[in-house]
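Asker: Let the hints inform the model, and build the full structure from the sequences given.
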Amino acid sequence: MSKTLLVEIRNIAIGVIILGAVQVLVTLPTKFFGLSAIFGTLLGCAVAILNFALMGIILESVSKQKGASGLMGVGYIGRLALIALAVIWATKVDYLNYVCVIIPLIFPQISIFILNLTRKKEREVSEDERT
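Going by the working numbering, the first residue of the sequence shown is number -13, and it counts up by one from there.
Don't read these hints as lab results, they were simulated from the structure. Worth double-checking, as some hints may not be accurate.
Claimed, not checked - Here are the computed lysine-lysine pairs in the BS3-like style, where the Cα-Cα straight-line distance is at most 30 Å:
no.	residue 1	residue 2
1	Lys106	Lys50
2	Lys78	Lys17
3	Lys(-11)	Lys52
4	Lys107	Lys(-11)
5	Lys(-11)	Lys50
6	Lys(-11)	Lys106
Note that this is a predicted model, so its numbers are computed, not measured.
Answerer: Here it is in structure tokens:
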């Protein structure tokens, strides 16, 4: 794995963990969800981070090889199966709130959006300093 990929996985993982903490803080006062919300959020965040990391690893390995689009397809199906297993597991047991498992699956996209906004502002500031 390249250093750039590791940095991006770390940044996304930090964003997912922060958003997961916000989710727990929002759901706890309702007392409707209880511990199942915490466990569901933990599982959802773990799956989201693992999904993003696997996507990065697979795309990096495909970009280095020619004709490796089959690996990309298998990787997509595998990542989709991972998500499906987590959601199905959460619907079958009482100690996981399935809604709290599903919501963190969009946290990587939110983290990427926030990171892009902050990086754009940093670029604008550095361009202003040059002029």
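Asker: Hints first: check each against the structure and report whether it holds.
Answerer: Tested hints:
1. Lys106 / Lys50: 28 Å, holds
2. Lys78 / Lys17: 21 Å, holds
3. Lys(-11) / Lys52: Status holds; Cα separation ~22 Å.
4. Lys107 / Lys(-11): 23 Å, holds
5. Lys(-11) / Lys50: Holds: Lys(-11) and Lys50 sit about 15 Å apart, inside 30 Å.
6. Lys(-11) / Lys106: Status holds; Cα separation ~21 Å.
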